Structures are given as C-alpha cells and as structure tokens.
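> Read off the chains here:
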Amino acid sequence: MSAVLLIARRELRAAFAGLYGWAILALVLMLDGLFFNAYTLGSARPSSEVLSLFFYTNFGVTMAAAVFVTMRSFAAEREQRTLVLLLTSPAGDWQVVLGKYLGALGFVLCTVAAAAYIPVMVWLKGNLEWGQAAAGYLGIALAAAVCTAIGIFCSALAPNQLAAGVAAGFLVTLQVLFWLLSGISEPPLDGVFAAMDLYHEHFEPFQEGAVHLKTLVYAPTVSFLFLLFSVRVLQARRWR
Amino acid sequence: MTAVVRTERLSKHYGAVTALAGVDFECRAGDVVGVLGLNGAGKSTLLRILAGELLPSSGRVQVGGVEPGVDSRAMRSRVGYLPEEPPLYREMRVRDYLGFVGALNGVPRNELPGRMALVAERVHVGDCLDRVIGELSMGYRKRVGIAQALLHEPDVVLLDEPVSSLDPAEIVGMRELVRSLGGRRTVFTSSHHLREVHETCDSILVLHEGELLAHGSQEELGVLAGRERIEVEVRGTPAEAASALPAGANVVHAADPGGGVSTLTLELSDVEREEVAAALVRGGFGVRRLEPVRSDLERVFLDLVRGEGGARTGGESGT
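Chain order of the listed sequences is A and B. Residue numbers for the first sequence follow this note's numbering, so the first one is 1 and each next one is one higher. Residue numbers for the second sequence follow this note's numbering, so the first one is 241 and each next one is one higher.
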C-alpha cells in the first residue's frame with residue numbers, strides 16, 4: 001500500500017478511535033436534524049425545495065465539520081510529538097500532506113453520508129429528483145474538498161490546534177464572504193471576488209441540481225493550491 | 241573501513257541561535273557512538289539532522305553515502321530514529337502501530353509479521369503487542385519506540401536520550417539493549433548522563449555549545465583532555481619511585497601492597513609513557529607493569545568542556 005493510503009487510513013481510523021470523531025459526527029447529525037426540522041418539517045414545500053434547503057444547511061455544517069476535523073491534523077501531531085515519525089519516514093512531504101488530506105476528507109464525507117437519511121426521507125415521503133440529489137452531493141463533496149484543504153494548510157502552519165481552528169474558520173468563512181466583498185468592490189475586483197466565492201458562485205447552482213464546469217475546475221484548483229502551501233510549510237520547517 | 245555517517249562543517253542555526261557550528265566527524269559501521277553534551281549542546285539537533293527531520297543550514301552530511309540534499313527519502317530509509325519523546329499514537333495497539341510504521345518504511349507486507357516478531361523479541365515487547373500504547377509504562381513505550389526504529393533494518397539507529405524518564409531497572413535493561421544493537425548497525429545514542437555513555441559506547445562525540453570538542457574512544461578523549469593516566473608497578477617504595485619520575489608525570493595515587501613493590505597511578509601532561517618507563521629504569525627501579533588507566537569520563541568531559549577550544553576532534557574512531 002502506498003504511503004498516501006497508509007497515512008489516510010490511519011487518519012480515518014484515528015478519527016473513529018477517539019471521542020472527538022464521534023462527537024463531531026453527533027454534532028453534524030444533530031445540526032442537520034435541527035435545521036431540517038426548523039426549515040422543512042411541518043411546511044408544505046415541494047420536494048425539490050426541501051432537498052435544496054437540506055443541501056443549503058448541510059453545506060454550512062460540512063464546512064464547520066471540515067474545520068473541526070482538520071484543526072487536529074498536523075497541529076495535534078506536533079503537540080503529541082508524533083509528526084516526527086512521518087517526517088523521518090521515507091514518505092515524501094507531499095505524500096504526508098496528501099495522506100492526511102484524504103484521511104480528513106474521508107471523515108468529512110462520512111459525516112455527509114451519515115446525514116443521507118434526510119434525502120432518503122424525501123425519497124420515501126416525497127418526489128426525489130435523483131439528478132438534483134446527485135448534483136447536490138457533488139457540490140457538497142467539492143466544497144468539503146476545498147474546506148478540508150484550507151484546514152490542512154492552517155493545521156500545518158499553526159502552532160496549536162486552537163490557532164489552526166481559528167485560522168481555518170476565518171479562511172473558510174472568507175470563502176463565503178467573497179460574495180459580499182464583490183458587492184462593494186469596483187471592477188475588476190468585484191468579478192475576482194465573485195469568482196472566488198464558494199457558496200453563491202459555486203455551490204448554489206449544485207443545490208438546485210445544476211452542475212457547473214467552472215466549479216469542477218475551481219474546487220480542485222483551490223484544493224491543490226492549499227495542499228501545495230501545506231507541503232511548502234512542511235519543507236520550510238525542515239529548514240527553519 | 242567505510243564511514244557510514246560523515247559530516248563536514250555541519251552547521252545549523254535557529255534564527256540567531258547557533259545549534260551546531262562546523263561539526264566534522266566520521267563513524268564506521270557497527271559502532272555504538274555516544275553523543276555527549278550538556279543541555280543545549282546540540283545533541284538533539286545533530287540527531288534530527290542525521291534522521292532527516294531537519295536540513296543543515298550549511299555543511300554536508302552523509303548517511304550510507306547518501307546526502308539529504310540529493311535524496312533525502314533514500315537517506316531517511318537508511319535511518320531508524322527514536323526521539324526523546326517516543327513518537328507513538330497512543331490510541332493504537334502496539335501491533336497495529338508497528339505494522340503501520342513498518343509499511344510506511346517500505347517493509348513488504350509478507351515480511352512484516354516475521355520482522356515484527358523478531359524485533360518484538362529483541363526489545364522485549366512481545367508480551368504487549370496487543371495492548372493499547374497509551375496504557376503502557378514509559379519503559380515499554382521507549383522499547384516500542386526502539387522497535388519502530390529497528391523494524392525496517394536500518395543501517396543507522398539514532399536514539400535521543402533513550403534512558404530519560406526510565407526507572408533504574410528499566411535503565412539497566414535499556415543499556416543492555418543499546419549495547420546489543422551495535423555490531424551489525426551503527427548506533428548513535430545521545431545523553432548527558434556520563435555513565436550511560438561510558439557503559440554503552442565504543443566512541444564518543446563531545447558537543448558543547450554547538451561545537452564538536454572531541455571525538456574518539458574514552459581513552460583517546462583522556463589524551464585529548466590533556467591528561468593521560470597510567471598505572472605503573474615498580475620495585476621500590478612509592479616515595480623513591482616518585483622521585484625518579486620525569487617532569488609532567490604527577491602521582492595521583494600511590495599504593496604499597498608489600499613485598500617491595502609499589503603501584504603508582506600517574507597523570508601525564510607533556511610527557512610520554514616511554515619517557516616515564518625510561519626514567520624509572522634509569523633510576524634503578526624495575527618496571528614490572530605499565531598500562532594506561534581507563535579515564536574517568538566525568539573528569540575527561542569536564543576537562544574538555546572547561547578547556548573548550550583546547551581539544552578538538554581526535555580519535556576518529558571510525559576512520
């Protein structure tokens with residue numbers, strides 16, 4: 001098995017081995033359930049609108065989950081002095097970063113999968129559009145990929161878990177606030193900010209069932225950039 | 241014999257702080273090398289560079305002929321490293337942890353169980369393979385840490401303060417373990433406990449404030465420190481024999497066991513053993529025995545550190 005998959009598998013198992021992972025999972029399920037109850041139950045809405053609202057709330061919950069999962073990634077290993085094991089192994093820095101990224105992303109996607117009972121309820125009790133569901137989940141996966149990469153970068157950079165969480169929370173929130181920035185900016189900055197906005201520009205069409213090619217380019221590109229920054233941080237620490 | 245580890249003008253700076261300053265040494269295969277120094281001497285930094293965790297600010301380092309700047313991953317595959325705090329995932333069982341580390345270091349899957357059993361037996365952790373690491377004592381954690389460093393059969397094993405936080409019984413066991421690792425692979429063990437180095441190492445690197453003050457066997461360091469000690473057994477009384485000694489040979493201990501024979505322990509400075517023997521013979525004393533006295537490492541170390549700059553790399557045990 002490659003070093004990337006080894007590290008990813010260990011990360012995923014570690015997340016479920018302790019209370020922390022289960023606590024995040026429980027929180028995600030609780031928030032998804034509460035929002036679903038608040039927005040949709042008891043109101044007469046079309047199934048497509050119910051599903052759209054679910055993806056809307058699940059997007060926010062998933063972003064938060066990504067921040068909470070990744071804040072531990074490198075920062076916790078540094079605090080527990082286990083990072084040296086990876087840094088002195090024959091695995092390259094990019095393999096270490098990619099392994100940690102895939103492990104964290106795997107856990108975030110597990111939380112997404114755990115909340116799939118809500119679309120199942122829509123399917124059972126309403127008229128689920130499979131295309132909208134597939135597009136919505138693709139959008140969630142892409143947003144999770146971006147937020148997880150941001151979190152990994154912050155965890156590699158920050159001195160401790162708290163700082164990593166705060167930094168990741170700020171950057172992830174900024175991804176959503178680019179829309180507001182574009183509204184108060186002059187051309188050409190407004191277009192730049194709008195293109196960088198994670199929710200309105202990139203995710204919103206997916207929750208309505210539309211798959212945009214630009215998002216299929218945007219999400220991997222931004223993820224790659226933050227992972228590259230993470231590799232550079234690890235390399236810089238060897239020189240410090 | 242070929243040097244397994246070689247450094248040339250190796251330096252490392254943390255901002256304005258110099259952790260290592262132009263360190264040069266070579267070590268041969270199979271040696272157990274003690275890295276000795278006070279806190280902050282640069283011991284851990286040296287080991288971290290040899291392990292590939294850090295890159296040097298300047299100078300060169302080679303492990304098994306490979307330099308980190310050329311192929312750091314190949315260099316890291318030749319090294320097994322135990323930091324002062326063992327890098328253990330406490331939620332894992334020992335068997336899973338060793339399996340993970342072995343696979344990460346490229347041990348083929350079909351060889352892993354055999355290697356694990358072998359290493360577990362060698363470091364005496366066979367009885368705790370199915371226990372959770374977080375539940376182990378510090379002694380066992382250190383042993384598991386050494387097991388992970390040995391699993392991929394590296395050419396060089398680096399142990400940073402392996403006896404720290406251990407109780408006396410565990411220290412004895414660890415000392416035997418470190419000693420047993422030598423021969424087939426080169427072992428570096430850092431410590432500021434002189435007794436550990438004294439009892440486990442073939443050669444010693446003495447670091448002080450980032451500089452390598454000396455490198456060699458304990459006897460060679462005694463010479464470097466400027467005061468070689470010898471013991472002579474002569475016919476005659478101690479006082480008479482002492483009067484015949486040349487300048488530079490000072491009596492630090494004299495014994496008169498009887499039978500007309502005395503034993504003198506001499507500290508030599510600026511005088512050779514041959515001159516001492518010749519002077520005694522000229523004085524009419526029959527020299528029955530003359531041999532070097534294994535230097536007290538504590539005295540040697542303090543002499544070196546206090547006389548910093550006076551002694552430099554010497555023994556080159558590896559070359």
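Be a bit skeptical, because a hint or two may be false.
[As the list claims (entries may be wrong)] Partial chain A-side listing against chain B, Cβ under 8 Å, derived:
{"hint": "1", "residue": "R10"}
{"hint": "2", "residue": "A14"}
{"hint": "3", "residue": "A17"}
{"hint": "4", "residue": "G18"}
{"hint": "5", "residue": "G21"}
{"hint": "6", "residue": "L27"}
{"hint": "7", "residue": "R78"}
{"hint": "8", "residue": "R81"}
{"hint": "9", "residue": "T82"}
{"hint": "10", "residue": "L87"}
{"hint": "11", "residue": "S89"}
{"hint": "12", "residue": "P90"}
{"hint": "13", "residue": "G92"}
{"hint": "14", "residue": "W239"}
[To be verified] Some chain B residues well away from chain A (every beta-carbon gap over 12 Å; in silico):
{"hint": "15", "residue": "E266"}
{"hint": "16", "residue": "L295"}
{"hint": "17", "residue": "S312"}
{"hint": "18", "residue": "R330"}
{"hint": "19", "residue": "V341"}
{"hint": "20", "residue": "L358"}
{"hint": "21", "residue": "H438"}
{"hint": "22", "residue": "E460"}
{"hint": "23", "residue": "T503"}
{"hint": "24", "residue": "V545"}
[Unchecked claim] Residues from chain B that keep clear of chain A, each with C-beta distances beyond 10 Å, as calculated:
{"hint": "25", "residue": "S251"}
{"hint": "26", "residue": "E331"}
{"hint": "27", "residue": "A484"}
{"hint": "28", "residue": "D543"}
Note that these hints are calculated values from the structure, not bench results. Being a predicted model, the structure only gives us computed values, none of them experimental. Yeah, the Cβ is synthetic: ideal placement off N, Cα and C, and Gly gets one too.
> Now tell me, hint by hint, if it's right for this structure.
To see whether the hints hold, each was checked on the structure:
no. : hint : result
1   : R10  : 6 Å, holds
2   : A14  : 6 Å, holds
3   : A17  : 4 Å, holds
4   : G18  : 6 Å, holds
5   : G21  : 11 Å, violated
6   : L27  : 20 Å, violated
7   : R78  : 11 Å, violated
8   : R81  : 4 Å, holds
9   : T82  : 4 Å, holds
10  : L87  : 5 Å, holds
11  : S89  : 5 Å, holds
12  : P90  : 4 Å, holds
13  : G92  : 6 Å, holds
14  : W239 : 5 Å, holds
15  : E266 : 22 Å, holds
16  : L295 : 5 Å, violated
17  : S312 : 8 Å, violated
18  : R330 : 8 Å, violated
19  : V341 : 7 Å, violated
20  : L358 : 20 Å, holds
21  : H438 : 28 Å, holds
22  : E460 : 31 Å, holds
23  : T503 : 51 Å, holds
24  : V545 : 28 Å, holds
25  : S251 : 13 Å, holds
26  : E331 : 4 Å, violated
27  : A484 : 59 Å, holds
28  : D543 : 35 Å, holds
Violation of the numbered hints given earlier is confined to hints 5, 6, 7, 16, 17, 18, 19, 26; the remaining hints are satisfied by the structure.
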